[in-house]
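**Student:** The residues making up each chain are set out below.
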Amino acid sequence: MSERVQGYNFAYLDEQTKRMIRRGLLKAIAIPGYQVPFGGREMPLPYGWGTGGIQLTAAVIGDDDTLKVIDQGADDTTNAVSIRRFFVKTTGVGTTEKTTEATLIQTRHRVPEVALKEGQTIVYQVPIPDPLRFIEPSETETRKMHALQEYGVMHVKLYEDIARYGHIATTYAYPVKVNGHYVMDPSPIPKFDNPKLSESPALQIFGAGREKRLYAVPPYTRVESLDFEDYPFEIQQWDEQCDICGCDNSFLDEVITDDQGGRVYVCSDTDYCHSRSEDMVSNESAGIKKTVALEQTKTPEMTCE
Amino acid sequence: MNNAMMDAVQAANRDSSMQAEQPLLTVDGLTKLYAPGKGCMDVNFNLYPGEVLGIVGESGSGKTTLLETLSARLQPDRGSILYHQKEGAVADIYEMTESRRRQLLRSDWGVVHQHPRDGLRMNVSAGANIGERLMAVGNRHYGDIRKVGLEWLKAVEIDENRIDDQPRTFSGGMQQRLQIARNLVTNPRLIFMDEPTGGLDVSVQARLLDLLRNLVMELQLSVIIVTHDLAVARLLADRLMVMRRGKVVEQGLTDQILDDPQHPYTQLLVSSVLTP
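Chains G and X, in that order, are what the protein sequence lines are.
Mapping of the first sequence onto the working numbering: position 229 corresponds to residue 229, and the numbering continues sequentially without gaps.
Mapping of the second sequence onto the working numbering: position 187 corresponds to residue 187, and the numbering continues sequentially without gaps.
Among the hints, erroneous ones may be present.
[What the hints assert, rightly or not] No farther apart than 20 Å at their CA atoms in a straight line, the calculated lysine to aspartate or glutamate pairs in the EDC-like style are these: (1) Lys147(X) - Asp161(G); (2) Lys144(G) - Glu98(X); (3) Lys147(X) - Asp230(G); (4) Lys18(G) - Asp76(G); (5) Lys147(X) - Asp227(G); (6) Lys144(G) - Glu95(X); (7) Lys147(X) - Asp165(X); (8) Lys38(X) - Glu51(X); (9) Lys98(G) - Glu118(G); (10) Lys147(X) - Glu229(G); (11) Lys89(G) - Glu15(G); (12) Lys157(G) - Asp159(X); (13) Lys157(G) - Glu136(G); (14) Lys86(X) - Glu51(X); (15) Lys157(G) - Asp165(X); (16) Lys191(G) - Glu136(G); (17) Lys212(G) - Glu136(G); (18) Lys157(G) - Asp144(X).
It should be emphasised that the hints constitute simulated quantities derived from the structure, not laboratory data.
All of these numbers come straight from a predicted model, not from anything done at the bench.
For reference, chain X alone in the conformation it holds in the complex (with noise of 0.2 Å):
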């Protein structure tokens, strides 16, 4: 990876941590409900910079409503959603402009789906793919997205000479893998990430983990994941979210909750992990 890069991202998260430690994102009464009991009801949370929060919960609990709509592609019923903005303005998001959402989305944040299918662009080359953002916000240097894109598919462990082949021809691990260089090429501070590891075998999981949790340590990235595998839990959210029908029912340090859980549902949840 690109040391000036990683430097850079450091010292602006190094300068942001003098700044009293104010939250990146805060969370007030968030609800989105389809019907009642579908969606999510009443979400309070602070997540600081650098900070891995975990959404688990069975399916259906509301877990990817949530996401979206704190990741302003669904806007809420009720609630608000403060972001400490890279210059220093705090900000509702769903007050912002449309422009300057979309702007966000595309630069100072990234979402990286559960099927590589939604957030790639599958007949477009992994170089483009990856490119696409630098494009987006005004980069017009060929040579200068292109070795970024080489620098990216070396960080995130793709050969390089597959730079001009389609994400059609990838295996399910790389495509996930291209999703998340594709999300990070602009150096944003806060990834959503919808089961990142879903549908990939086990030995691919625990790469993909591994990858993931050296990137976020090196570049401070703040992230929320949604998952329903406690493993991946606990290998990376510093914190977790338990929810069950839309409601967050216990949250708490990651060991604290899986180690000692106290809700009956987060009980339930813990002691049907299956050990081989």
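Looking at chain G on its own, in the form it has when it is part of the complex (with noise of 0.2 Å):
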């Protein structure tokens, strides 16, 4: 790894208001889904492009880490490769695109494929951290509402889905209650990954940077997705299969390929898709058409300046 920058603090921020993060941190994990107000920083990013996912990386990020960084399930988009080339030039922490590898994953919108696994922690950006909000306005009701479990407008929202479509259609930012108490925005993750968030052996913390709220599920900790017992909470599927790797049973992307009406799909999560593709050629049981197809999506190696 490459030097990291002189005249910045390790992981830019100080070391106070990392302890304060901490603090807040530690009291999210013993509440678990409870919305811990902290002192947000300007982060050198725009609002809206994680600045609450990154203060809470650059709190527990230490020199032993392995960092990943996904933007909707992405290693190589913008947002994810300008916060990784950021820890990398404030920590000189190693980096990964391999989901098993890291042990700190800051993902925007998605939870990768791969099953995560005790010690690794993940933190999750959210823009809107208070599920209520869309309902009320007022921030101290909507604390009384969450300390007193009055939860009945969440159901309301879903019942005006149902009535207007027939099914629920919200289909990301799909509200869970939190170990039976805290209903919680698991940020704007497809629902595909609501299930993953339960009983999950990695510690997922959650950081609203403009709202200045973080909340975290500690490990092995009930998640559930709200629903009707007659409309029970159900994940999105397809028909097709991802183009590259032939998973058909991964978040695919619909990809535009031209005016034509041209489509393929895709799965979302990158780095699962190259690990199965790899396997695939190892086992030279891959056709032409999928080698082809993964020469030309192989992104470069991420090289570290």
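Hints are included, so try docking the two chains, each in its own frame, into the full complex.
**Tutor:** This is how it looks when you write it as structure tokens:
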């Protein structure tokens, strides 16, 4: 790894700020799903780009961590590359694209397809932390509603979905109940990922920079998606398979390839897709088409500058 | 309306009437003043199950303040409000935990606001408005919630195929009826109404009053209704309280007060009613 830049503290934030955030995190872990206010700092990137997540990562990252950053499942998009480069510059830690090798994962709007394991920490970037905000603009009132578990209005939203579309049409930021008490916004992950939150061996922490709130789901905590008895929670399904690796049970992105209506489906989790394709190549079982497709989408290895 | 539901309510009320008619609400020395003479002072009364109490008086006489204080939405300065709970225990509503108080407000009690806008969620459908209280008390079955919604729309004379329309597309009278349905869906025992017919034209008022009177009788509801319309009071209320400058100047049976007013202010009030 390259030398980190001089003139900044390790991981950009000063030690007192990191301690403040860690205290908040301890409280959040002690009360799963509860939103803890923290003194959010100005970060060198705009609100909405992950200022909350980046502050949590900065507060918990250490010399021996291996960092992975994803944006909508991809390791190679602007947001992911920029944040990864930021931490390489300010900490000099090792980075990886492999979910299995990472100790710390910062994510925007996806949970990796490969199951997380004990010892890993995943940091979510959150735009609006309070799931009740859409119906109740007052912060004092929503806090009271959380404290007294007055969550009837969350079902009003789902009722409206069914009345209007015939099914629960909420597809992302699908509200969940954590540990049987607090209703929590799981950040705008697709509801496909909601089941991965429950009983996960990894520590999950959530940071909202603009709203200055953080919350957490400790390892092995029950996370239930809200639903009706006669309209149970369901995740998205596709008739198609991934065009690159042939996977039929991962979250797929639809990619328009021309203006003739041509489209392909590919795994949203790029690391998962790569590792599956590589397995196929090494098994020499992959057809020509798939090898070609792999060559086209393969990205250069992440280099540190 | 659902017959089984009504039978259950009536049975419950018969049971409670057998318990030697304990008052549902006992109000003693209730005071909430914003300034001397502004608010309500020293209000005492008992409200029995199935009784309709009207509060009349001029604008600014403290009617609405009294109603808000009674319905656990405004902490009084002094005095007590004892509520006889379903389970039999009697408790002061301002000494309960906040969670219990809010639970009462959305299950045992109902509040019908003067402006439907204050009592309805204008941006969700009529069905969701009616179902909200059911979901708040733990009903998680969409089909059941929808069925009850349809029954209540019928009960308040709104066309059933309007269930998925937003209340903003309803007329004033329909919004008011929807608000009533939304409150009655959890079979409350006590309803607070603040000028439920204000702002409606006379023929719509008459139909709403007719509906209210029927519902009150069928469901054996206790109602506290604030109004400045003496005709409304005469039609609905069993007993009347006349307020002036924050004080109750006269109370008694409705007919008695309207036909033989004793206090000079009540005499003035009764004599100023226009007869067409």
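**Student:** All the hints need checking, so say for each whether the structure fits it.
**Tutor:** Results of checking the hints against the structure:
no.: 1; hint: Lys147(X) - Asp161(G); result: holds, 17 Å
no.: 2; hint: Lys144(G) - Glu98(X); result: holds, 10 Å
no.: 3; hint: Lys147(X) - Asp230(G); result: holds, 13 Å
no.: 4; hint: Lys18(G) - Asp76(G); result: violated, 28 Å
no.: 5; hint: Lys147(X) - Asp227(G); result: holds, 18 Å
no.: 6; hint: Lys144(G) - Glu95(X); result: holds, 18 Å
no.: 7; hint: Lys147(X) - Asp165(X); result: holds, 16 Å
no.: 8; hint: Lys38(X) - Glu51(X); result: violated, 28 Å
no.: 9; hint: Lys98(G) - Glu118(G); result: holds, 16 Å
no.: 10; hint: Lys147(X) - Glu229(G); result: holds, 15 Å
no.: 11; hint: Lys89(G) - Glu15(G); result: holds, 17 Å
no.: 12; hint: Lys157(G) - Asp159(X); result: violated, 23 Å
no.: 13; hint: Lys157(G) - Glu136(G); result: holds, 12 Å
no.: 14; hint: Lys86(X) - Glu51(X); result: holds, 16 Å
no.: 15; hint: Lys157(G) - Asp165(X); result: holds, 15 Å
no.: 16; hint: Lys191(G) - Glu136(G); result: violated, 23 Å
no.: 17; hint: Lys212(G) - Glu136(G); result: holds, 18 Å
no.: 18; hint: Lys157(G) - Asp144(X); result: holds, 16 Å
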